[in-house]
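Colleague: Protein chains in written order, with the working numbering: chain A, 1 to 297; chain B, 1001 to 1269; chain C, 2001 to 2315.
These aren't lab readings, by the way, just hints derived from the structure by calculation.
Heads up, a few of these hints could be off.
The calculated lysine-lysine pairs, modelled on DSSO-like cross-linking and capped at a C-alpha distance of 27 Å, are [what the hints assert, rightly or not]: (1) B:K1038 x B:K1238; (2) A:K104 x B:K1037; (3) B:K1192 x B:K1078; (4) B:K1267 x B:K1037; (5) C:K2071 x B:K1108; (6) A:K172 x B:K1025; (7) B:K1108 x C:K2200.
Simulated restraints on C-beta separations [stated by the list, open to error]: (8) C:V2110 x A:L78: 27 to 33 Å; (9) A:K172 x C:A2204: 28 to 34 Å; (10) A:L32 x B:G1157: 49 to 55 Å; (11) C:G2276 x A:P199: 43 to 49 Å; (12) B:E1194 x C:I2016: 38 to 44 Å; (13) A:L32 x C:G2041: 40 to 46 Å.
We put the beta carbon where it would ideally sit given N, CA and C, even for glycine.
Here's the letter readout for the chains.
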Amino acid sequence: MNSLYYQKRLSRNIGDKFFTCLSVICALIATLPLIFLVTYILIKGGSQITPELFNLEPNPPGDDLDAGGINPALVGTLIITSIASIIAIPVGVGGGIYLAEYSKGGAFSRFIRFGVNVLAGVPSIIAGVFIYALIVSTKILFGSMYSGFAGGIALSILMLPTVIKTTDEGLKLVPNDLRYASLGVGASMYTTILKVTIPSAFRSIATGVVLGIARAAGETAPLIFTALFSYYYITGFGDLFYEMGSLAVLIYNFALEPYDAQNKLAWAASFILVLSILSVNIFARILAAFNEKTKRV
Amino acid sequence: MIKTNKKTPKNIILSLDNVSISYGKFEAVRNIFCDFKKGNITSLIGPSGCGKSTVLRSLNRMNDLIPNCSLKGTVMFKGTNIYDKRVDPVEVRRRIGMVFQQPNPFPKSIYENIAFGARINGFSGDMDNLVESSLKKAALWDECKDKLNDSGYSLSGGQQQRLCIARTIAIEPEIILMDEPCSALDPISTLKIEETMHELKMNYTIIIVTHNMQQALRVSDMTAFFNAIEYEDGDGGKVGYLAEFNSTKKIFNSPKEKITQEYISGKFG
Amino acid sequence: MEEKLILFKNRKRFGIEKNIDIIFKNTALVLSSFVAIILLGIILVVFFKSFESFSRYGLKFLVTSEWNPVKDEYGAFTAIYGTLVTSFLSLLITIPLGVGTAIFITEDFVPKVCREIIGSFVELLAAIPSVVLGLWAIFVIEPFLRDFFVFLHSFFGWIPLFSTEPTGRNSLLAILILVVMLLPIVTSIARDSFNQVPKKLRNAAYGIGASRWKTIFSVILPAALSGIMAGVLLALGRAMGETMAVTMIIGNSNAFSWSLLSPGYTISSMLANQFGEADGSQVSSLFYAAFVLMILSLVVNIFAQWLVKKFSLKY
Chain A
1 MNSLYYQKRL
11 SRNIGDKFFT
21 CLSVICALIA
31 TLPLIFLVTY
41 ILIKGGSQIT
51 PELFNLEPNP
61 PGDDLDAGGI
71 NPALVGTLII
81 TSIASIIAIP
91 VGVGGGIYLA
101 EYSKGGAFSR
111 FIRFGVNVLA
121 GVPSIIAGVF
131 IYALIVSTKI
141 LFGSMYSGFA
151 GGIALSILML
161 PTVIKTTDEG
171 LKLVPNDLRY
181 ASLGVGASMY
191 TTILKVTIPS
201 AFRSIATGVV
211 LGIARAAGET
221 APLIFTALFS
231 YYYITGFGDL
241 FYEMGSLAVL
251 IYNFALEPYD
261 AQNKLAWAAS
271 FILVLSILSV
281 NIFARILAAF
291 NEKTKRV
Chain B
1001 MIKTNKKTPK
1011 NIILSLDNVS
1021 ISYGKFEAVR
1031 NIFCDFKKGN
1041 ITSLIGPSGC
1051 GKSTVLRSLN
1061 RMNDLIPNCS
1071 LKGTVMFKGT
1081 NIYDKRVDPV
1091 EVRRRIGMVF
1101 QQPNPFPKSI
1111 YENIAFGARI
1121 NGFSGDMDNL
1131 VESSLKKAAL
1141 WDECKDKLND
1151 SGYSLSGGQQ
1161 QRLCIARTIA
1171 IEPEIILMDE
1181 PCSALDPIST
1191 LKIEETMHEL
1201 KMNYTIIIVT
1211 HNMQQALRVS
1221 DMTAFFNAIE
1231 YEDGDGGKVG
1241 YLAEFNSTKK
1251 IFNSPKEKIT
1261 QEYISGKFG
Chain C
2001 MEEKLILFKN
2011 RKRFGIEKNI
2021 DIIFKNTALV
2031 LSSFVAIILL
2041 GIILVVFFKS
2051 FESFSRYGLK
2061 FLVTSEWNPV
2071 KDEYGAFTAI
2081 YGTLVTSFLS
2091 LLITIPLGVG
2101 TAIFITEDFV
2111 PKVCREIIGS
2121 FVELLAAIPS
2131 VVLGLWAIFV
2141 IEPFLRDFFV
2151 FLHSFFGWIP
2161 LFSTEPTGRN
2171 SLLAILILVV
2181 MLLPIVTSIA
2191 RDSFNQVPKK
2201 LRNAAYGIGA
2211 SRWKTIFSVI
2221 LPAALSGIMA
2231 GVLLALGRAM
2241 GETMAVTMII
2251 GNSNAFSWSL
2261 LSPGYTISSM
2271 LANQFGEADG
2281 SQVSSLFYAA
2291 FVLMILSLVV
2301 NIFAQWLVKK
2311 FSLKY
């Protein structure tokens, strides 16, 4: 046949159709988990949300049908994540500044960048094991073993590579022209970095850091034998050096309990955790898309 | 700054003495000898790749910011070798300002663009006055006096470049270096900037790199012609050198070197 | 002109400003070397803590599966085997799924908005904490797939991988939940690799009359291959180290079995499960296991980085 018309039965057209269908199926399968998971959490966890949930201590499993609330875990997650941020953000931003602004692509900076990538690939449980050996088992923190503080340090190890990377990459996007402009009027290097380059890269660095914090908030593995878990309210500063609950560990512990009341509490905690992490992520995405748009104009 | 014993004639503000600049192993320019007179506009011309921008950047140590860049020889500024180990490059840049090829205002307001540099230099006078006088000297005042709080990016390319000039003038440098300041601009903006340069000549020494020979002829008192030759060992790499340095009139009317003659008559470049 | 200079009292940089500049630089330098210190610290601490067990069991630790705190006999074969099997099998499922999705996102089958939404859905999946996925696996996936597992066993029971009666928590569930976790990694890296393939390559293939999928298979996929490989290796490292969801669903049994339908163990789930209550030489053996896990993931990660570097040189 000598026609230019599309022929359905041509083997290449059948093949094309087949593979197109295949990739559509892949994409469908890939989107399903999130949809199912989020819907399920919204329904199952959302139905557990009551004011008491936020105010009460959880009850130890087996006592009665009422599991109590998640107040200590919620506060614990906030505290542990804050400790991790307080450690990881200055160290990470400082390190990122060195890599992007000072190192001139020498062997040292290549080694550090390599180290950042390797550290990012270290399994999170190893960070927990490391802090256990370094802090928990040695009782180096004022004689306390398991503590919220140790948990925060373990989490900070996981946050560190993310913070360095986003700072490094954010600063690298700042055009050199801008640095030269500042140095050209006789600004010192630190003035240039603090007053010109960091402000220009602030939004991208902040977005990356916030996403890193959100990620750390859901980490469980480094906490299960550093911060451990606690059923009791956090009342004062001293509680930092005692066992501390967190939403993530609460979910882990209570998911494995045979009691329905505790399982429900795990779902409620998941609801809060997932909702906050997803909203941070979606917000960051919208912000990034908005930035792109304003840049083009 | 640290004084050295070497004497320089009084009206010479900046002098290059046997300067060679390399990027890593690759030598960009070789054995430059050159004296810049105070109150003059000197233009550096030559074919692309002859290292004239490299030389310009070396005059206020902007080259320090490029990895692997190294300089041999001495650059004397008012009796001090600015490549002396004891010299602070930041201080050099406070006294020798620079305007870049691409307009690069800070992402701040027009006012802040000028105030930033002045504040860094510890300016203690009336900032509003300084902003106004700098913008006037850069011939930008009339166009932006009503929107000093707008972002520097809201200006057109030519205006941005004049803002960058105003920013440099504001810190009262003794020398202003300009690296092809008009290459990204339209003819009308170029003309305005050239007018600005004529104004500035009263108070400043200006050294300008330009691709445009007409511009060199229009604005400068002295002209340095750079050229590039292949390495002796002949692996195809080129190294820049100063072919001829004389008053602009002489360079364009009766050059001594044949190569200069060929370049300005447009035979290569 | 000389008088004007008086207005600028910082024309000379005073000692304090110079010092701030130097301190600032050195602080940044010290902070950036923290990464190296921590990395080195992790390797050394885990190594020294495992030394007791290492000197007692040597390499035998890697090939025996006895794990008996009462008799003080330790061997991590089941956990190592479980780690490798779950991560490789989950990758085997994830690769076609992720690459297929990436192709769908980068080709123009549907309008751009739809593709971007699907892309963000897959990426948001990466933000879900692993412990929540574990919870979901226990209460939703497992009941949902229970009949399917029974079916698998009754029809394919002759294959060693499906040779046991399915238990409530088993290795196959862990593999499936790993697929969900790896999918975002493989998809987003594959998508980036596809996007990096120069447009002119695609146009060249279209220009000589290749069909869409002919172009994808013979031009785009080969060009993106090393990038995808690097992504796959990163995912492999992630899979080997993944802890929570796997611990919650794999059943945590040290009894070795070929079957995926029986409970299993991975190194990370063993650590999560036993570390809190371990004492004596068990702790050292757990550190030994942690050391093995760390070496495995280091090797995979370094190899992935090497591949990324090689890949980025190409364009």
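Colleague: Okay, which hints does this one fail, numbers in order?
Modeller: 1, 2, 3, 4, 5, 7, 8
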